[in-house]
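For the sequence shown, counting from 1, position 296 maps to 296 in this note's numbering; every step adds exactly one.
Source of the hints: derived by calculation from the structure; they are not laboratory data.
Glycine included, C-beta positions come from ideal geometry on N, C-alpha and C.
Each hint should be verified, as a subset may be incorrect.
Result set (BS3-like, lysine-lysine): computed pairs, CA atoms no more than 27 Å apart in a straight line [what the hints assert, rightly or not]:
hint, residue 1, residue 2
1, K270, K185
2, K39, K16
3, K174, K36
4, K295, K270
5, K225, K86
6, K16, K86
Cβ-Cβ distance ranges computed for the label pairs, FRET-style [as the list claims (entries may be wrong)]:
hint, residue 1, residue 2, range
7, S149, R268, 47 to 57 Å
8, G173, F115, 14 to 24 Å
9, F115, E206, 28 to 38 Å
10, P46, K298, 40 to 50 Å
11, N292, C248, 16 to 26 Å
12, P54, K156, 15 to 25 Å
13, R99, D201, 22 to 32 Å
14, L297, S188, 44 to 54 Å
15, P282, P54, 42 to 52 Å
16, D238, D191, 12 to 22 Å
17, V41, K156, 14 to 24 Å
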Amino acid sequence: MSPPWLKSQHEDFLKKHMAYNGEVDYTVEELLPIIKQAKGVISAEPMLLEVRVPCVIVGDIHGQYEDLHRIFSIFSSSKKSGAVTKRYVFLGDYVDRGRNSLECICCLLAHKLFFPRMFYLLRGNHESQDINQIYGFLEEIQRRFPNGSQAITLWKAFNDLFSYLPLAAIVHGKILCMHGGISPKLTSLDDIRRIRRPLHDPNDSELGLDLLWSDPMLDLTGFIKNSLRGVSVFFGEDTVSNLCTRLCIDLIVRAHQMMMNGYGFFCRRKLVTIFSAPNYLPERVNKGAILNVSKNLKLGFSVLCPVTPETRGKQKFVEFFNKYNDNSSYISRKAAAEGFVYGSLDDAPTVYRKPDGPVQ
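Turn these sequences into a full structure, and let the hints steer you where they fit.
Pasting the structure below:
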(Lines of atoms letter the chains of each structure in order from A; the text may use other names.)
(Lines give C-alpha, C1' and ligand atoms only; values in the text may rest on other atoms or scores of the structure.)
Protein backbone atom coordinates (compact mmCIF):
# COMPACT_ATOMS: atom_id res chain seq x y z
CA MET A 1 0.00 0.00 0.00
CA SER A 2 1.29 3.47 -0.88
CA PRO A 3 2.12 5.83 2.01
CA PRO A 4 -0.39 8.68 2.52
CA TRP A 5 1.97 11.36 1.20
CA LEU A 6 2.55 9.40 -2.01
CA LYS A 7 -1.18 8.78 -2.46
CA SER A 8 -1.74 12.50 -2.05
CA GLN A 9 0.90 13.23 -4.69
CA HIS A 10 -0.77 10.80 -7.09
CA GLU A 11 -4.15 12.40 -6.40
CA ASP A 12 -2.82 15.88 -7.15
CA PHE A 13 -1.41 14.64 -10.45
CA LEU A 14 -4.64 12.83 -11.27
CA LYS A 15 -6.70 15.99 -10.68
CA LYS A 16 -4.84 17.70 -13.51
CA HIS A 17 -6.31 15.10 -15.87
CA MET A 18 -9.87 14.73 -14.59
CA ALA A 19 -11.38 16.82 -17.36
CA TYR A 20 -10.31 17.94 -20.80
CA ASN A 21 -8.78 21.40 -20.63
CA GLY A 22 -6.48 21.33 -23.62
CA GLU A 23 -2.73 21.30 -23.04
CA VAL A 24 -1.61 20.60 -19.47
CA ASP A 25 1.34 22.41 -17.91
CA TYR A 26 4.03 19.99 -16.73
CA THR A 27 7.51 20.31 -15.29
CA VAL A 28 10.33 17.81 -15.67
CA GLU A 29 10.69 17.75 -11.87
CA GLU A 30 7.04 16.70 -11.62
CA LEU A 31 7.06 14.07 -14.37
CA LEU A 32 10.25 12.13 -13.62
CA PRO A 33 9.04 10.86 -10.19
CA ILE A 34 5.64 9.97 -11.68
CA ILE A 35 7.34 7.95 -14.42
CA LYS A 36 9.55 6.20 -11.86
CA GLN A 37 6.59 5.32 -9.63
CA ALA A 38 4.53 4.09 -12.58
CA LYS A 39 7.44 1.95 -13.74
CA GLY A 40 7.52 0.32 -10.31
CA VAL A 41 3.83 -0.55 -10.50
CA ILE A 42 3.94 -1.76 -14.12
CA SER A 43 7.14 -3.79 -13.79
CA ALA A 44 5.56 -5.76 -10.94
CA GLU A 45 2.80 -6.96 -13.28
CA PRO A 46 3.23 -10.08 -15.44
CA MET A 47 3.98 -9.85 -19.14
CA LEU A 48 0.57 -11.46 -19.76
CA LEU A 49 -2.06 -9.64 -17.71
CA GLU A 50 -5.09 -11.52 -16.40
CA VAL A 51 -8.12 -9.23 -16.42
CA ARG A 52 -11.56 -9.82 -14.97
CA VAL A 53 -14.87 -8.86 -16.55
CA PRO A 54 -16.64 -6.55 -17.03
CA CYS A 55 -14.09 -4.37 -18.79
CA VAL A 56 -13.65 -1.85 -21.60
CA ILE A 57 -11.00 -2.45 -24.28
CA VAL A 58 -9.53 0.61 -26.00
CA GLY A 59 -7.41 0.69 -29.16
CA ASP A 60 -4.98 3.27 -30.52
CA ILE A 61 -5.21 6.76 -28.98
CA HIS A 62 -2.27 8.44 -30.74
CA GLY A 63 -2.14 11.67 -28.77
CA GLN A 64 -5.86 12.49 -29.19
CA TYR A 65 -6.42 13.67 -25.63
CA GLU A 66 -9.92 15.06 -26.15
CA ASP A 67 -11.07 11.72 -27.53
CA LEU A 68 -9.54 9.92 -24.55
CA HIS A 69 -11.80 11.98 -22.29
CA ARG A 70 -14.76 11.22 -24.53
CA ILE A 71 -14.10 7.53 -23.91
CA PHE A 72 -14.03 8.07 -20.16
CA SER A 73 -17.28 10.05 -20.30
CA ILE A 74 -19.11 7.26 -22.14
CA PHE A 75 -18.58 4.80 -19.31
CA SER A 76 -18.72 7.06 -16.26
CA SER A 77 -21.85 7.06 -14.10
CA SER A 78 -22.07 10.85 -14.22
CA LYS A 79 -21.15 11.11 -17.93
CA LYS A 80 -18.10 13.12 -16.88
CA SER A 81 -14.61 12.01 -17.81
CA GLY A 82 -13.35 12.04 -14.22
CA ALA A 83 -15.72 9.39 -12.82
CA VAL A 84 -14.08 5.94 -12.95
CA THR A 85 -16.63 3.12 -12.90
CA LYS A 86 -15.13 0.63 -15.36
CA ARG A 87 -12.08 -1.58 -15.67
CA TYR A 88 -10.04 -0.59 -18.74
CA VAL A 89 -7.59 -2.44 -20.96
CA PHE A 90 -5.65 -0.14 -23.31
CA LEU A 91 -3.96 -1.80 -26.28
CA GLY A 92 -1.12 0.68 -26.77
CA ASP A 93 -0.10 3.45 -29.17
CA TYR A 94 -0.73 6.26 -26.71
CA VAL A 95 1.85 8.53 -28.33
CA ASP A 96 2.85 9.87 -31.78
CA ARG A 97 0.94 11.49 -34.64
CA GLY A 98 -1.58 13.43 -32.49
CA ARG A 99 -0.87 16.78 -30.81
CA ASN A 100 -1.19 15.71 -27.18
CA SER A 101 0.83 12.55 -26.70
CA LEU A 102 2.18 13.88 -23.41
CA GLU A 103 -1.30 14.45 -21.97
CA CYS A 104 -2.48 11.01 -23.10
CA ILE A 105 0.35 9.03 -21.54
CA CYS A 106 0.43 11.17 -18.38
CA CYS A 107 -3.34 10.86 -17.94
CA LEU A 108 -3.15 7.09 -18.24
CA LEU A 109 -0.20 6.85 -15.86
CA ALA A 110 -2.07 9.02 -13.36
CA HIS A 111 -5.03 6.65 -13.48
CA LYS A 112 -2.75 3.61 -13.30
CA LEU A 113 -1.09 4.91 -10.14
CA PHE A 114 -4.35 5.79 -8.43
CA PHE A 115 -6.45 2.86 -9.72
CA PRO A 116 -3.86 0.12 -10.43
CA ARG A 117 -6.45 -2.69 -10.66
CA MET A 118 -8.82 -0.71 -12.86
CA PHE A 119 -6.38 0.43 -15.56
CA TYR A 120 -4.26 -2.00 -17.56
CA LEU A 121 -1.83 -0.60 -20.12
CA LEU A 122 -0.35 -2.74 -22.89
CA ARG A 123 2.52 -1.71 -25.10
CA GLY A 124 2.00 -0.65 -28.70
CA ASN A 125 4.59 -0.49 -31.45
CA HIS A 126 4.85 3.28 -30.94
CA GLU A 127 5.98 2.75 -27.35
CA SER A 128 9.52 2.15 -28.63
CA GLN A 129 12.14 4.85 -28.97
CA ASP A 130 13.13 3.85 -32.52
CA ILE A 131 9.55 4.66 -33.56
CA ASN A 132 8.53 7.58 -31.35
CA GLN A 133 11.67 9.53 -32.14
CA ILE A 134 10.43 9.61 -35.76
CA TYR A 135 6.63 9.87 -35.56
CA GLY A 136 6.15 12.80 -33.20
CA PHE A 137 6.59 12.06 -29.47
CA LEU A 138 10.20 13.23 -29.26
CA GLU A 139 9.40 16.36 -31.28
CA GLU A 140 6.47 17.17 -28.97
CA ILE A 141 8.61 16.84 -25.85
CA GLN A 142 11.34 19.01 -27.37
CA ARG A 143 8.77 21.65 -28.32
CA ARG A 144 7.31 21.79 -24.83
CA PHE A 145 10.58 21.55 -22.91
CA PRO A 146 13.02 23.93 -24.63
CA ASN A 147 15.91 22.84 -22.40
CA GLY A 148 17.37 20.23 -24.73
CA SER A 149 19.05 18.03 -22.15
CA GLN A 150 15.94 17.98 -19.95
CA ALA A 151 13.76 17.06 -22.93
CA ILE A 152 15.99 14.11 -23.85
CA THR A 153 16.14 12.96 -20.21
CA LEU A 154 12.34 12.98 -20.06
CA TRP A 155 11.92 11.22 -23.40
CA LYS A 156 14.37 8.49 -22.39
CA ALA A 157 12.59 8.06 -19.05
CA PHE A 158 9.28 7.49 -20.83
CA ASN A 159 10.86 4.95 -23.17
CA ASP A 160 12.48 3.15 -20.25
CA LEU A 161 9.00 2.87 -18.74
CA PHE A 162 7.61 1.64 -22.08
CA SER A 163 10.14 -1.22 -22.07
CA TYR A 164 8.33 -2.68 -19.03
CA LEU A 165 4.77 -2.47 -20.40
CA PRO A 166 3.06 -5.88 -20.74
CA LEU A 167 2.60 -7.17 -24.27
CA ALA A 168 -0.71 -9.00 -23.88
CA ALA A 169 -3.74 -9.57 -21.67
CA ILE A 170 -6.18 -12.43 -21.28
CA VAL A 171 -9.70 -11.39 -20.31
CA HIS A 172 -11.62 -13.99 -18.27
CA GLY A 173 -9.41 -16.67 -19.78
CA LYS A 174 -11.28 -16.36 -23.09
CA ILE A 175 -10.30 -13.12 -24.87
CA LEU A 176 -6.66 -12.62 -25.83
CA CYS A 177 -5.62 -8.99 -26.31
CA MET A 178 -2.49 -7.46 -27.81
CA HIS A 179 -1.58 -4.44 -29.88
CA GLY A 180 -0.41 -6.00 -33.13
CA GLY A 181 -1.31 -9.61 -33.68
CA ILE A 182 -0.38 -13.25 -33.43
CA SER A 183 2.90 -14.97 -34.23
CA PRO A 184 4.27 -18.28 -35.50
CA LYS A 185 6.20 -18.31 -32.22
CA LEU A 186 3.00 -18.26 -30.15
CA THR A 187 2.07 -21.82 -29.19
CA SER A 188 0.93 -21.31 -25.59
CA LEU A 189 0.18 -18.45 -23.23
CA ASP A 190 3.34 -19.36 -21.35
CA ASP A 191 5.32 -18.24 -24.40
CA ILE A 192 4.13 -14.70 -23.66
CA ARG A 193 4.75 -15.02 -19.94
CA ARG A 194 8.37 -16.02 -20.61
CA ILE A 195 9.27 -12.86 -22.56
CA ARG A 196 11.80 -11.04 -20.41
CA ARG A 197 11.70 -7.38 -19.43
CA PRO A 198 12.87 -4.75 -19.86
CA LEU A 199 12.42 -5.19 -23.60
CA HIS A 200 14.14 -2.04 -24.81
CA ASP A 201 14.41 -3.30 -28.39
CA PRO A 202 11.44 -5.44 -29.51
CA ASN A 203 13.70 -6.99 -32.15
CA ASP A 204 15.29 -8.95 -29.29
CA SER A 205 12.14 -11.10 -29.06
CA GLU A 206 10.56 -12.45 -32.24
CA LEU A 207 7.33 -13.20 -30.41
CA GLY A 208 7.35 -9.79 -28.74
CA LEU A 209 7.94 -8.10 -32.09
CA ASP A 210 4.96 -9.89 -33.65
CA LEU A 211 2.67 -9.08 -30.71
CA LEU A 212 3.46 -5.42 -31.42
CA TRP A 213 3.60 -5.36 -35.22
CA SER A 214 1.86 -8.22 -37.08
CA ASP A 215 -1.26 -7.76 -39.24
CA PRO A 216 -4.09 -9.95 -40.57
CA MET A 217 -4.17 -10.55 -44.32
CA LEU A 218 -7.11 -11.60 -46.47
CA ASP A 219 -6.74 -14.56 -48.84
CA LEU A 220 -3.69 -15.86 -46.97
CA THR A 221 -2.88 -19.25 -45.49
CA GLY A 222 -0.24 -19.34 -42.78
CA PHE A 223 2.29 -16.58 -42.15
CA ILE A 224 4.35 -14.51 -44.58
CA LYS A 225 6.78 -11.64 -44.16
CA ASN A 226 5.09 -8.27 -43.60
CA SER A 227 6.55 -6.43 -46.58
CA LEU A 228 4.25 -3.45 -46.08
CA ARG A 229 5.62 -2.50 -42.66
CA GLY A 230 9.10 -3.88 -43.20
CA VAL A 231 8.96 -5.87 -39.97
CA SER A 232 7.11 -8.87 -38.49
CA VAL A 233 4.51 -10.95 -40.37
CA PHE A 234 1.10 -11.09 -41.99
CA PHE A 235 -1.14 -13.91 -40.74
CA GLY A 236 -4.09 -15.66 -42.40
CA GLU A 237 -7.48 -16.76 -41.12
CA ASP A 238 -6.34 -20.34 -40.62
CA THR A 239 -3.69 -19.23 -38.13
CA VAL A 240 -6.32 -17.38 -36.09
CA SER A 241 -8.67 -20.37 -36.01
CA ASN A 242 -5.87 -22.75 -35.09
CA LEU A 243 -4.61 -20.52 -32.29
CA CYS A 244 -8.07 -20.03 -30.80
CA THR A 245 -8.52 -23.79 -30.72
CA ARG A 246 -5.06 -24.44 -29.28
CA LEU A 247 -5.38 -21.82 -26.53
CA CYS A 248 -9.07 -22.56 -25.82
CA ILE A 249 -10.02 -18.92 -26.37
CA ASP A 250 -13.06 -17.41 -28.06
CA LEU A 251 -11.70 -14.15 -29.46
CA ILE A 252 -8.53 -12.21 -30.25
CA VAL A 253 -8.74 -8.43 -29.82
CA ARG A 254 -6.02 -6.24 -31.34
CA ALA A 255 -5.48 -2.66 -32.49
CA HIS A 256 -2.71 -1.35 -34.77
CA GLN A 257 -4.79 -0.61 -37.91
CA MET A 258 -7.22 2.20 -38.62
CA MET A 259 -10.77 0.94 -39.24
CA MET A 260 -13.21 3.29 -40.97
CA ASN A 261 -16.03 2.33 -38.59
CA GLY A 262 -13.68 2.06 -35.61
CA TYR A 263 -13.67 -1.73 -35.59
CA GLY A 264 -13.57 -4.60 -38.04
CA PHE A 265 -13.98 -8.36 -37.68
CA PHE A 266 -11.74 -10.98 -39.26
CA CYS A 267 -11.88 -14.78 -39.51
CA ARG A 268 -15.61 -15.24 -38.91
CA ARG A 269 -15.56 -13.04 -35.82
CA LYS A 270 -12.70 -14.85 -34.13
CA LEU A 271 -10.61 -11.65 -34.30
CA VAL A 272 -11.57 -8.00 -34.08
CA THR A 273 -9.48 -4.87 -34.60
CA ILE A 274 -10.30 -1.87 -32.41
CA PHE A 275 -9.11 1.62 -33.36
CA SER A 276 -10.09 4.37 -30.93
CA ALA A 277 -8.77 7.53 -32.61
CA PRO A 278 -11.53 9.14 -34.73
CA ASN A 279 -10.59 11.52 -37.52
CA TYR A 280 -7.13 9.96 -37.59
CA LEU A 281 -6.96 10.63 -41.31
CA PRO A 282 -8.99 13.83 -41.87
CA GLU A 283 -9.31 13.25 -45.60
CA ARG A 284 -11.09 9.93 -44.92
CA VAL A 285 -12.93 10.85 -41.69
CA ASN A 286 -12.76 7.54 -39.87
CA LYS A 287 -14.67 6.80 -36.68
CA GLY A 288 -13.18 5.41 -33.50
CA ALA A 289 -14.52 2.54 -31.42
CA ILE A 290 -14.18 0.89 -28.03
CA LEU A 291 -15.25 -2.58 -26.96
CA ASN A 292 -17.33 -3.17 -23.84
CA VAL A 293 -17.14 -6.72 -22.46
CA SER A 294 -19.94 -7.54 -20.02
CA LYS A 295 -19.68 -9.86 -17.02
CA ASN A 296 -21.36 -12.49 -19.21
CA LEU A 297 -18.75 -11.98 -21.97
CA LYS A 298 -21.24 -10.23 -24.24
CA LEU A 299 -19.62 -7.71 -26.57
CA GLY A 300 -20.84 -4.19 -27.27
CA PHE A 301 -19.19 -1.49 -29.36
CA SER A 302 -19.37 2.26 -28.80
CA VAL A 303 -18.53 4.22 -31.94
CA LEU A 304 -17.02 7.70 -31.67
CA CYS A 305 -17.64 10.12 -34.51
CA PRO A 306 -15.07 12.84 -35.13
CA VAL A 307 -15.62 15.96 -33.04
CA THR A 308 -17.00 18.95 -34.95
CA PRO A 309 -18.12 22.38 -33.68
CA GLU A 310 -21.70 21.05 -33.79
CA THR A 311 -20.93 18.07 -31.53
CA ARG A 312 -18.55 19.75 -29.09
CA GLY A 313 -20.11 20.85 -25.78
CA LYS A 314 -22.94 19.75 -23.52
CA GLN A 315 -24.71 17.75 -26.22
CA LYS A 316 -22.60 14.63 -25.94
CA PHE A 317 -21.72 13.09 -29.26
CA VAL A 318 -24.47 11.16 -30.98
CA GLU A 319 -22.65 8.16 -32.44
CA PHE A 320 -23.57 6.39 -35.65
CA PHE A 321 -22.33 3.23 -37.29
CA ASN A 322 -22.27 3.45 -41.08
CA LYS A 323 -23.20 -0.04 -42.24
CA TYR A 324 -22.45 0.95 -45.82
CA ASN A 325 -18.84 1.83 -45.02
CA ASP A 326 -17.26 -1.61 -44.92
CA ASN A 327 -13.67 -0.49 -45.46
CA SER A 328 -11.98 -2.63 -42.82
CA SER A 329 -8.42 -1.63 -43.84
CA TYR A 330 -7.35 -5.29 -43.92
CA ILE A 331 -5.09 -5.74 -46.91
CA SER A 332 -5.42 -8.60 -49.38
CA ARG A 333 -2.49 -10.65 -50.55
CA LYS A 334 -3.14 -9.52 -54.11
CA ALA A 335 -2.94 -5.84 -53.16
CA ALA A 336 0.31 -6.41 -51.29
CA ALA A 337 1.78 -8.34 -54.22
CA GLU A 338 0.87 -5.50 -56.58
CA GLY A 339 2.84 -3.04 -54.48
CA PHE A 340 -0.05 -1.27 -52.74
CA VAL A 341 1.11 2.31 -52.10
CA TYR A 342 -0.25 4.92 -49.71
CA GLY A 343 -0.46 8.53 -50.79
CA SER A 344 1.54 10.01 -47.91
CA LEU A 345 3.28 9.07 -44.68
CA ASP A 346 0.27 10.23 -42.67
CA ASP A 347 -1.99 8.03 -44.78
CA ALA A 348 0.26 4.98 -44.42
CA PRO A 349 0.58 2.55 -41.55
CA THR A 350 3.66 2.97 -39.41
CA VAL A 351 6.65 1.35 -41.05
CA TYR A 352 9.75 0.25 -39.20
CA ARG A 353 12.70 2.49 -39.95
CA LYS A 354 15.91 2.23 -37.94
CA PRO A 355 16.95 5.78 -36.92
CA ASP A 356 20.22 7.15 -38.25
CA GLY A 357 21.75 7.16 -34.79
CA PRO A 358 21.09 7.58 -31.08
CA VAL A 359 19.45 10.77 -29.84
CA GLN A 360 21.95 12.84 -27.89
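Hints and how they fare:
1. K270 - K185: Status holds; Cα separation ~19 Å.
2. K39 - K16: holds, 20 Å
3. K174 - K36: Distance ~33 Å between K174 and K36 Cα, so the pair is violated.
4. K295 - K270: holds, 19 Å
5. K225 - K86: violated, 38 Å
6. K16 - K86: holds, 20 Å
7. S149 - R268: 47 to 57 Å: holds, 53 Å
8. G173 - F115: 14 to 24 Å: holds, 23 Å
9. F115 - E206: 28 to 38 Å: holds, 34 Å
10. P46 - K298: 40 to 50 Å: For P46 and K298 the Cβ distance comes to about 27 Å; the hint is violated.
11. N292 - C248: 16 to 26 Å: holds, 23 Å
12. P54 - K156: 15 to 25 Å: violated, 37 Å
13. R99 - D201: 22 to 32 Å: Holds - the Cβ-Cβ distance for R99 and D201, about 28 Å, lies within 22 to 32 Å.
14. L297 - S188: 44 to 54 Å: At 22 Å between Cβs, range violated.
15. P282 - P54: 42 to 52 Å: violated, 34 Å
16. D238 - D191: 12 to 22 Å: Holds, at about 19 Å.
17. V41 - K156: 14 to 24 Å: With a Cβ separation near 19 Å, V41 and K156 satisfy 14 to 24 Å, so the hint holds.
Of the numbered hints given earlier, the model fails hints 3, 5, 10, 12, 14 and 15; all others are met.
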